[in-house]
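**Student:** The primary structure of each chain is shown beneath.
2 protein chains.
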Amino acid sequence: MINQKLYEIGTEPSVIRALFAYGLEKAKEIGGENVYDYSLGNPSIPAPEKVNETIRCLTESVDSLSLHGYSMAAGFESVRKTVADILSRRFSFPIRGRDLFFTCGAAPALISVIKALAAEASSEIIAIAPYFSEYKYFVENNGAAFKVVPPDVEAFQVNYEALSAAIGEHTQAVIVNSPNNPSGVVYTEQTLRKIGAILKEKEEQYGHPVYIIADEPYRELVYGEVTVPFIPAIYENTVVCYSYSKSLSLPGERIGYVYIPQNCADSEVLMAAVSGAARIMGHVCPPSLFQRVVEECADEKPDLKAYEENRNLLYNSLTEMGYECAKPDGAFYLFVKAPNGDDRAFSEKAKLDYNLLVVPGAEFGCPGFLRLAYCVSNDMIRRSLPAFEKILKDYSEEG
Amino acid sequence: MINQKLYEIGTEPSVIRALFAYGLEKAKEIGGENVYDYSLGNPSIPAPEKVNETIRCLTESVDSLSLHGYSMAAGFESVRKTVADILSRRFSFPIRGRDLFFTCGAAPALISVIKALAAEASSEIIAIAPYFSEYKYFVENNGAAFKVVPPDVEAFQVNYEALSAAIGEHTQAVIVNSPNNPSGVVYTEQTLRKIGAILKEKEEQYGHPVYIIADEPYRELVYGEVTVPFIPAIYENTVVCYSYSKSLSLPGERIGYVYIPQNCADSEVLMAAVSGAARIMGHVCPPSLFQRVVEECADEKPDLKAYEENRNLLYNSLTEMGYECAKPDGAFYLFVKAPNGDDRAFSEKAKLDYNLLVVPGAEFGCPGFLRLAYCVSNDMIRRSLPAFEKILKDYSEEG
Numbered sequence: 106m107i108n109q110k111l112y113e114i115g116t117e118p119s120v121i122r123a124l125f126a127y128g129l130e131k132a133k134e135i136g137g138e139n140v141y142d143y144s145l146g147n148p149s150i151p152a153p154e155k156v157n158e159t160i161r162c163l164t165e166s167v168d169s170l171s172l173h174g175y176s177m178a179a180g181f182e183s184v185r186k187t188v189a190d191i192l193s194r195r196f197s198f199p200i201r202g203r204d205l206f207f208t209c210g211a212a213p214a215l216i217s218v219i220k221a222l223a224a225e226a227s228s229e230i231i232a233i234a235p236y237f238s239e240y241k242y243f244v245e246n247n248g249a250a251f252k253v254v255p256p257d258v259e260a261f262q263v264n265y266e267a268l269s270a271a272i273g274e275h276t277q278a279v280i281v282n283s284p285n286n287p288s289g290v291v292y293t294e295q296t297l298r299k300i301g302a303i304l305k306e307k308e309e310q311y312g313h314p315v316y317i318i319a320d321e322p323y324r325e326l327v328y329g330e331v332t333v334p335f336i337p338a339i340y341e342n343t344v345v346c347y348s349y350s351k352s353l354s355l356p357g358e359r360i361g362y363v364y365i366p367q368n369c370a371d372s373e374v375l376m377a378a379v380s381g382a383a384r385i386m387g388h389v390c391p392p393s394l395f396q397r398v399v400e401e402c403a404d405e406k407p408d409l410k411a412y413e414e415n416r417n418l419l420y421n422s423l424t425e426m427g428y429e430c431a432k433p434d435g436a437f438y439l440f441v442k443a444p445n446g447d448d449r450a451f452s453e454k455a456k457l458d459y460n461l462l463v464v465p466g467a468e469f470g471c472p473g474f475l476r477l478a479y480c481v482s483n484d485m486i487r488r489s490l491p492a493f494e495k496i497l498k499d500y501s502e503e504g
Numbered sequence: 106m107i108n109q110k111l112y113e114i115g116t117e118p119s120v121i122r123a124l125f126a127y128g129l130e131k132a133k134e135i136g137g138e139n140v141y142d143y144s145l146g147n148p149s150i151p152a153p154e155k156v157n158e159t160i161r162c163l164t165e166s167v168d169s170l171s172l173h174g175y176s177m178a179a180g181f182e183s184v185r186k187t188v189a190d191i192l193s194r195r196f197s198f199p200i201r202g203r204d205l206f207f208t209c210g211a212a213p214a215l216i217s218v219i220k221a222l223a224a225e226a227s228s229e230i231i232a233i234a235p236y237f238s239e240y241k242y243f244v245e246n247n248g249a250a251f252k253v254v255p256p257d258v259e260a261f262q263v264n265y266e267a268l269s270a271a272i273g274e275h276t277q278a279v280i281v282n283s284p285n286n287p288s289g290v291v292y293t294e295q296t297l298r299k300i301g302a303i304l305k306e307k308e309e310q311y312g313h314p315v316y317i318i319a320d321e322p323y324r325e326l327v328y329g330e331v332t333v334p335f336i337p338a339i340y341e342n343t344v345v346c347y348s349y350s351k352s353l354s355l356p357g358e359r360i361g362y363v364y365i366p367q368n369c370a371d372s373e374v375l376m377a378a379v380s381g382a383a384r385i386m387g388h389v390c391p392p393s394l395f396q397r398v399v400e401e402c403a404d405e406k407p408d409l410k411a412y413e414e415n416r417n418l419l420y421n422s423l424t425e426m427g428y429e430c431a432k433p434d435g436a437f438y439l440f441v442k443a444p445n446g447d448d449r450a451f452s453e454k455a456k457l458d459y460n461l462l463v464v465p466g467a468e469f470g471c472p473g474f475l476r477l478a479y480c481v482s483n484d485m486i487r488r489s490l491p492a493f494e495k496i497l498k499d500y501s502e503e504g
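Here the protein sequences line up with chains A and B, keeping their order. Sequential numbering of the first sequence, starting at 106, is according to our numbering. Sequential numbering of the second sequence, starting at 106, is according to our numbering.
Check the hints yourself; a few may be wrong.
Copies of one chain are not kept apart here, so a pair can be met inside one copy or by any two copies together.
Result set (DSSO-like, lysine-lysine): computed pairs, CA atoms no more than 27 Å apart in a straight line [stated by the list, open to error]: (1) K133 - K252; (2) K456 - K495; (3) K186 - K133; (4) K110 - K307; (5) K131 - K186.
Everything labelled a hint here was simulated from the structure, so no lab data went into it.
Just chain A, same shape as in the assembly:
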């Protein structure tokens, strides 16, 4: 008499969590310094100083009732306005406070949009592989069918033919996640324009909007001269889901938003439906204190030096050894080709023989690759390099 499907979802082992748990256990046995854990995508640089300063300042200067009180369902008006103004300036794009609906992080943002777009039993939402594995759960359990576009395993941009073929009359949206988890690749403007052109063609063919859901928690995490194009300026029917988890290193504080551009098709109806979805899930009024923190800190830039150094060290070392790797411009992931193509076998071997924890790409709809989350200490990377070298040697000796 308990919902069987939810029971299964609640007990389904997550490969990533299992690897992480294995690492913790192993560390007790052989010491943490001998386990090389690249499993979890958890920020390893602290929140900007200003975050904790702002928190302290707010507790001293704002009346407790107001500070910890309910906001409106979509967030405080002043917070929405301030963030909208900052985004308008940053992207030279007209964004109003009322176009933002604040949420308890990116997952509720995404899920509210998915629910709002699950208009009929036949509605479909598409993800492009490699994709964040929770998408499947979010879509399938919130009223839509989940379809996957197979990956472009060369450049890790998009397999356009497959995308075009996947979109049918029931397709409501395509989730675009750039900088990408797990590949670390940033979609170029050219890629986004091509996606937009395909979607526009399909919209005309089927006579209804096909939205891009831009899932952008890693927007600020890019290295070198790379920029992340602002998708609503490229494709009108774009809805953005954002979280401050990574940009302000606040993953535990659950603060993000849905942004529905004014000129997006049916924007007002869609915003109302997002609000309805949030209401029936109890997602309304995200944490008040962190709304105000965001209001003060939304323009803070994360200090990406540590991530960039990690990326450079790991990427350069692995490619020198002979590993092949997707172009790692953003997020904090490397997506490395499994030497003999078998990602699960590599992950298992690395774990058992070398206490090296990497996630098989199959978890992200992209077998044959391995995700390395380099939000770790630079020192751990350094110490892990011999293990990578030895595995490669093992494989070449076997081969």
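Mind docking chain B on chain A? Use the hints.
**Tutor:** Chain B in isolation, oriented as in the chain A frame:
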């Protein structure tokens, strides 16, 4: 191509919010001191001092990565353990950390449990009138049918015959909300034992558990010598949904939990399904900072003096005037009989003629009554009394 039902839910006017908004507009016109707003159930006593002290201390003493990082889906183990120990002592009942699943407030807690118990298309969940109006949305939009037991309009305990008649073979749970919103009444131990006896009988009749979902955000808000019985000690198959919104005056910070007692039927399966429900709604890992605040402050008692003074002033004044009122032992609501039985007419008249904002009981499945949220300033109550007196006079002159 947008989900029509969610659009409607997102745009459906809430009578309470509309009254509140009217009050804000009116205040601009005639001055806030001339509007008597009893519409919203928003705490009016500040969080205990220790809350903000703890927040400041945590930002100074805990490493930022750990402080603002992800917890496990159900919360930090240490937080679950600490709170479980406190509750065990308080209720002399064995509660383990693993029996608690922390959530972003009471609404997500309730909704996760509702989803977990919506096992089949035919599943039903029952509320006892008067009831918090969002229950209907939560149940109907998360997989179950919503049934209402008509109120006991004398003592505002429970209409047992109606409860017994309402429970059928598809009934999965009965929501019990005490101290009650909107009546302010606390269910006695005798009432709870009677509910338990009825449910037990039905369990035997239908051969499956019929749970109590105890929605207890107002547990600590009781006055005088009244105590709130601990339901799991009375009826085994009870699941508790709790929030610190009221007890710590932190409504905006979204922190609460689901408690599933070890001896509750199918407790482990139910906990897994709650966890699955939280996962597909993106409710996992509630705000980390406030988990730690709760860890430190869970045993803090709110200073209820202000609420109690408000209750006494309002209750005594209104009953002296001749109003009839449910026994107001808890929460921060009075449930007052509409003088001529027409709650909507009274609410409208009070608003238009006297800028007095009270919510019609019909909103809570109990027409003929009016909800007054006395989480306001004592001074406002004092100033509002002539308006109550005048309306009564108007009615008696009309009659």
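**Student:** For each hint, tell me whether it holds in the structure or not.
**Tutor:** Hint by hint, here is what the structure shows:
1. K133 - K252: neither (41 Å within a copy, 52 Å between copies)
2. K456 - K495: within (13 Å within a copy, 78 Å between copies)
3. K186 - K133: between (49 Å within a copy, 21 Å between copies)
4. K110 - K307: between (34 Å within a copy, 26 Å between copies)
5. K131 - K186: Between copies, since 24 Å is at most 27 Å while 48 Å is not.
In summary, the one numbered hint that this structure violates is 1.
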